[in-house]
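Chemist: Go by the hints and put chain G onto chain E.
One line per chain: the protein sequences are E and G, in this order.
1 is the number of the first residue of the first sequence in our numbering; add one for each residue after it.
1 is the number of the first residue of the second sequence in our numbering; add one for each residue after it.
No false leads were slipped in.
These stretches of chain E come out as covered by chain G in the derived footprint (C-beta under 8 angstroms, 3 or more residues):
(1) 258-271
(2) 319-331
(3) 372-381
Rather than coming from a laboratory, the hints here were simulated on the basis of the structure.
Beta carbons are placed, not taken as given, at the ideal position from N, Cα and C, and that holds for glycine.
Take a look at the letters that make up each chain.
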Amino acid sequence: MALVLTDEQELLRRTAREFVSARSSLKRIRQLRDRRDPTGFSRELWSEMARLGWAGILVPEAYGGAGLGHAELMVVLEELGRGLVPEPMLSTVLLGAEAVRLGGSEAQRAEHLPPVASGERLLALAYQERGSRYDPHHVETRAERAGGGWRLTGEKIQVVDGHVADLLVVSARSSGQARDAEGITLFLTRRDAPGVRVERQWRIDARGAALVGLDGVRVGPEAVLGGVDAGGTLCQQVLDRATIGFTADMLGGMTAAFEMTLDYLKTRRQFGVPIGSFQALKHRAARMYVEIELARSAVMAAHRALDDGADDAHVARMAGTAKARCSDAYMLVGHEAVQMHGGIGMTDEHDVGFYLKAARAAEIMFGDAAYHRDRVARLEGY
Amino acid sequence: MEDLETFREEARRWLVANAPPSMSKPLAPGEDLCWGGRKTRYPTDVARWLAVMAERGWTAPTWPRDYGGGGLSEAEAKVLAQEMAKLGLRPPLVGFGLTMIGPLLLHVGTEEQKREHLPPIVRGELRWCQGYSEPGAGSDLASLQTRAGRDGDVFVVNGQKIWTSYADKADWMFLLVRTDPEAPKHAGISFLLMDMDSPGVTVRLIKLISGASPFCETFLTDVRVPVRNVVGRVSEGWGIAKMLLRFERNMIADVFKERDDAARLLALARRYLPSEDGRVGQPLVRDQLVQLEMDQACFDWTLARSRARTKAGHPPGPETSIFKYYGTELNQRRRDLAVRIAGPQALGWEGQGFDDDELKLTRDWLRSRGNSIEGGTSEVQLNIIAKRVLGLPD
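So that you can see chain E by itself, here it is in the shape it has in the complex (with noise of 0.2 angstroms):
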């Protein structure tokens, strides 16, 4: 397993850092958030991330996609979570096409995974509720054979481009009680469809998110993802999987943070001298530095055990080893940001704010440090 990048990858590090910076500076961030922009990102720049094969990165070329490997996927997230770009990767390509493409039948894969790859449709996965905090098989929202085929009735938090999604991907109750793993059916519903109900939430970060109402809502038997009673295990897989490209994302938000307090630790004068020649700052900028190193090999480790193909249980400890580091490191780097910033850190002009606010909310995402490393305890049987 070779921790290095191809040349290939190198590349399409420049085109993703290029693009970035050309098409979304931390002022369009600002922008989308003071103007309480309803969409929460721009759809011109989506398409034109679509055109770059972004979109469908993960997608297999049969669908339209273009079927890369997630080396190439967490090189095009880390450079997007450096901008804090808020376009839909994370609920369309990381969560919904991937339920769609890991659990879909043929049918549902050719009638969904091409639009995505091309920009055109997007995907929320609605999963989480007021109860469950970071365990997906806390599922209430009840499915009820109706007809023949379902009813759901129940309520979603916090799901990622709800409001904008064309079409959610919901975890719901089949059968069994509200905490078993067993008995969970994941189902694809259109977002227009009667009895779907979505506020749009506001969190301290630039994604968008919703409430998802689902007030009887009617779906047919082919609106089921990958088997009755089956989704348990597959929305632990696609969250896994998902966690995974996350920590991509935030390793780029806490690498574009640390420059960006590196850069004021030399620049800063104080007492006559830049304050970055005062040792009790050296030391903190140095443990930063290694603390995200470790990060950056963790997400390189994770992504390439996806590569090779590993185990859904070794996937599952590399997502843990993963998110529990990058949690971690982000919120320290996020903290120490801004204390080194000194006064002009707590403004809301300055921009170093955002990445505390972003490393604060995806430190949470997916489950913080804690839950994971319970998680890989249980899983390595202690």
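Modeler: Same frame as chain E, now just chain G:
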């Protein structure tokens, strides 16, 4: 690839045929690996294992055959290590010759120096020690005061070295001396190779808080060292010294790269903190255990990334300070956690009521506190990262 598999097959067959069976057993309590040298007697099997491996050059598998090494490629050396690991074989030889002065001479030694010093290292005949620190020169290494005055084709060395690991057992020392007292601090230093049996060398043991004495003081009075034993140019030894420190930091990182330590710690936790459901009894200890294991994995991957760079021909750069800094921190966390898991049973110094494992983990914890001091303190490592990697101003 096919060639590698052939090599794997041959290596395994040879190892099975030539390794004494006792070399597949774990070290007994108190037993150490073989460091070679003329001053230590090793058991018959250990000596034989060293002799057969040295004969093939497999004590230094990647060194050129011209200097007694195995002449293997990196890939073949890895295969050899894998096969040895599968058979549970211990390394035939360890020490500063193989990990520090040998690699340094391969990089910057003269042809004469390589021919004189590398073969005895490969054969484990001569054991080396490192004469860097002095009573007044610890973290501020370049302020060293040991003098070497020129007298024809020899240097006459006077001064004192401290924290010399295993000076009492070493045959040769590589050391830093001041050859130009007028020059600025970092200039005027030379890198010498010195026979420990030279007249004027005296060694005294230092006892540590753990009770062990791995370090010595070395006193040097009118010790005569031939000028041909200077590595690099006279009075330009500081660059050589720093290059060697990077090998040392890599080596220290290697020492702390033992994954099976995680399994040992888990077994310890199961023994002292059992619970009905089979998990480790205290959630906080469990959390620290997993975190340690995850951090160790991240550290190993980072080391692998750096190795890939070194393999591409770059000598270790300032980023290797990460490994010294973080590797020692990991080891200290591990030892500290072991003591907290064992609780009252970790308070024994010797004798009744404590078993050997308990006494050992306590002493290992005490010893580990030195990890962030020796070989450049953690604070010095952070300074190096801040200055050389991050470019922060002085």
